[in-house]
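Q: Protein sequence lines correspond, in order, to chains E and Z.
Residue numbers for the first sequence follow the working numbering, so the first one is 1 and each next one is one higher.
Residue numbers for the second sequence follow the working numbering, so the first one is 1001 and each next one is one higher.
Source of the hints: derived by calculation from the structure; they are not laboratory data.
The beta-carbon is built from N, C-alpha and C at its ideal position, and this holds for glycine as well.
Heads up, a few of these hints could be off.
[What the hints assert, rightly or not] Distance ranges between label pairs, derived from CB positions:
id, chain 1, residue 1, chain 2, residue 2, range
1, E, Gly79, Z, Gly1032, 50 to 60 Å
2, E, Gly33, Z, Gly1027, 21 to 31 Å
3, Z, Gly1032, E, Pro29, 14 to 24 Å
4, Z, Ala1040, E, Ile73, 53 to 63 Å
5, Z, Arg1078, E, Gly33, 25 to 35 Å
[Unchecked claim] In silico negatives: residues of chain Z with every beta carbon more than 12 Å from chain E:
id, residue
6, Ala1026
7, Val1077
8, Val1082
9, Asn1090
10, Leu1093
11, Arg1095
12, Lys1096
13, Pro1143
14, Pro1144
15, Lys1145
16, Val1161
17, Leu1167
18, Thr1170
19, Ser1173
20, Arg1175
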Amino acid sequence: MTTNPHNPHLSTTGPETAEDTLRIIANLPAPDGLQSRVHHALRRTPRRGRVLAWPATIKPQSNWMRTAAAAAIVFVVAGSGWGVYTRVEQNRPAKVLFMPRVAAPGGFSGAGAIRTPDTVPGPAAPQPVKAKTARKPAPKAASANSSAGQANPQK
Amino acid sequence: MSTSQAILAGWMEIPDSAVNEEARRAGDAALGALVDQYAAALYRVAYSVLRNPADAEDAVQEAFLRVVRHRDTLNEVRDHRVWLIRIVWNIVLDRKRRAKTRPETDDVAELARVLPSNGLSAEEVAAAAQHHAHVLACVEQLPPKEREVLMLSAFEELSSVEIAAVLGITESSARSRLFRARNLVAGLLDHTRTSK
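Based on the sequences and whatever the hints tell you, model everything.
A: Printed below as a string of structure tokens:
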């Protein structure tokens, strides 16, 4: 069984050896002047950023400042809305392009001629002739009987 | 100071009297006290991981620079020692993750330089350094969680509760990890001894 050169009472096998080694390293003294060097390094670090404040005359808490800010917001919103309104054209007709007809390659073109079909005069049907019929006037007695019969149908 | 500068200073900057100057001085004094009290302990923690004096000192300075940024919350910290160790622990782990792994021979030379000789001869010191470097190489083979607990347990000033607080785990987790780490490192050391 071998022994630890730094501590002859300790064996060099097993977990104790590892922990002894780690303990020796963990207990090594810190170098001289470590604290002063750390102090020096901390002094060299820049201070935190400077705090900027509003000028005393334009404190954001003042009423007129709030009013001006609100007015500025309204102005910006209204101005941008007006700008959009004036730039957009309303009811603009769609552009339609009429492309000329192109004949098939190798063929003849119509040279812009438009074919009009031959019109044939249709058959003329004779108009029916209406005969004029005179209406006979109804006799007065017959009309009187019929009116009485209508008045008392039980008789 | 020119007129424009004076106007700018008078108009735009809050004068020092407006800021709580006394509170700032008190914060500076508290920070200085923390440096005096804990810089050495933080250095030892940093050195145990980095094993390089310059890197360890840089880590300590960086830790205190982080504290400066949060100096307003110093009063809210319950345990300054654990809080500072946690800061420097995160810094050194981050640095170690980024740094390339150094060869073991560097560790041996560095350990031979820094370890206490206690009246040992040069050969004995070299053998001791080699032995410790071998043990540290075995510790490096442990899983990160177990290794961290084992390394922190070497600091006698840290209880298991404080180790758990530094690592952000429960005390029972810290204990079980330490138990596993001890078993693992014992197995590793036995394995290397028998293979020789």
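Q: Looking back at the numbered hints, which does the structure fail to meet, lowest number first?
A: Hint check: nothing fails, all pass.
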